[in-house]
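**Student:** Sequence:
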Amino acid sequence: MGRKILCFIVLNLIISLACLGQNPLIRDQFTADPSARVIGDKIYVFPSHDIKCESTQGRPNWFCMEDYHVFSSANLTDWEDHGVIVSQYDVPWADSESFSMWAPDAIEKEGKFYFYFPSKYKGHQEVENNPNINGSSFKIGVAVADNPEGPYNVEERPIAGVDGIDPNVFIDKDGQGYLFWSQHDFFGAKLKDNMIELEGEPKTLKSFPAEGLKEGPFIFERNGVYYMTYPHVENKTERIEYATAEHPLGPYTYKGVIMDESPTGCWTNHQSIVEYGDQWYLFYHHNDYSPDFDKNRSIRADSLFFTDDGLIKKVKPTYRGIGLTSASSMIQLDRYSEKSANGYSFSFLDENNPFQGWKSVFSSGDSWVRYNSVDFGKSNPNHISARLKFQKASGELEIKAVGDNGEVVLSSLQIDNQSDWTIKTSDLITSVVGLQDIIVTYKGEGHVEVDWITFN
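Read in order, the letters of the sequence shown correspond to residues -21 to -1, 1 to 435 in mature numbering (1 follows the signal peptide of the UniProt record, and there is no 0).
Just so you know, these hints were derived from the structure itself, not from any lab. Keep in mind it's a predicted model, so treat the numbers as computed, not measured. Cβ coordinates follow ideal geometry from the N, Cα and C atoms, glycine included. Please note: incorrect hints may appear among the correct ones.
[As the list claims (entries may be wrong)] For each label pair, taking beta carbons as the anchor points, the in silico distance ranges come out as:
#, residue 1, residue 2, range
1, SER410, GLN258, 26 to 32 Å
2, GLY62, GLY413, 34 to 40 Å
3, GLU375, GLY62, 41 to 47 Å
4, SER324, ASP399, 17 to 23 Å
5, LEU290, PRO230, 15 to 21 Å
6, GLU87, ASP164, 35 to 41 Å
7, GLN397, GLN258, 38 to 44 Å
8, THR243, GLU317, 16 to 22 Å
9, ALA320, GLU76, 31 to 37 Å
10, VAL123, ASP20, 19 to 25 Å
Kindly generate the complete structure, drawing on both the sequences and the hints.
**Tutor:** Here it is in structure tokens:
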């Protein structure tokens, strides 16, 4: 491999470390409970922040959260971490040793940015294992900023008249603000113009399930219809459901399931739904980086669609997620959009450091994987490179592009008896531009692992 090609590859790999337009979206820390908001020409996500709980922190072997970050993207692919915006140590009224900074929300009004968050209140004693008092030891606070990235100034006191968790804020078309939250039931109330006080008494929202862990309300409006979305345990773990109404405070009518229970048993889910660039998206979470402990979660996003009569079509979670992937970036085939029924799988590169990501594993001939929405632009690259590992294997990895002009073979990477990770490069035999799906097929014998591929 020439030095120029190798330097080009290394440079692009460094750049592509920020390219996170796959599931999970954030690749260097645990994140959960994503509240997505469109602000200006960007989409911002305000999630909670799971950490591994030490014996001196909060409740061992349970959810452990001490602060909040905010992330933003202009293309749904490159996500920027703006750092910590609120910490439990910044909140005068909160128990600063509770590690209970649970699901937040945020919104913009008249150039100010309001961040809503729950935490345990000083002097309250939590009564555990009683679903009838879920959130009774929690208050909801507000922090205010001039920019969505912060800095945020925390209000000295929590919102009066509110006891519970998982705040959700909504501003209607007439400018009226509403706050929703959970404490076994769902509650809603109008907000004063200052966005930090209730206007009137809270209202209990009716017609929601009487059984099952009730948390995480999130409301949005579309075509004059108000959609209240929420997690609900129908069987063993939370699925995401929704109801609709003609007014933000109801009455609501149950409509259906947006996302089924986790296929791998992650106990919680938590959602937000936004429209960005003429497409609706569902943001949610799963325990991708912590498959054996579902209290360390990671945020995801997938496209969401409606029927002609306004019902939400069920969303099937994907690894590929949202956003376009640049052909010159580090393309993670393990975040696939489709794969062969047999012979293809993925696993962690390092079981002890899951944030290093995954690798694709081809274990039989003619096994394949498809990765969609790769953007070649007008670049017309000359080479494909891949980081590979194989032992006692022989054959080739065939790379195809599928686009408006059909399916074409781009190149192939020869497989020999290399036993450790290596970067292989091959010339492209066909020019390629524009938006393409990439299909990689293993034609050979033995076991082949792929960390990433890139075009240059």
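**Student:** Determine which of the earlier numbered hints do not hold for this structure and return their numbers in increasing order.
**Tutor:** 6 and 9
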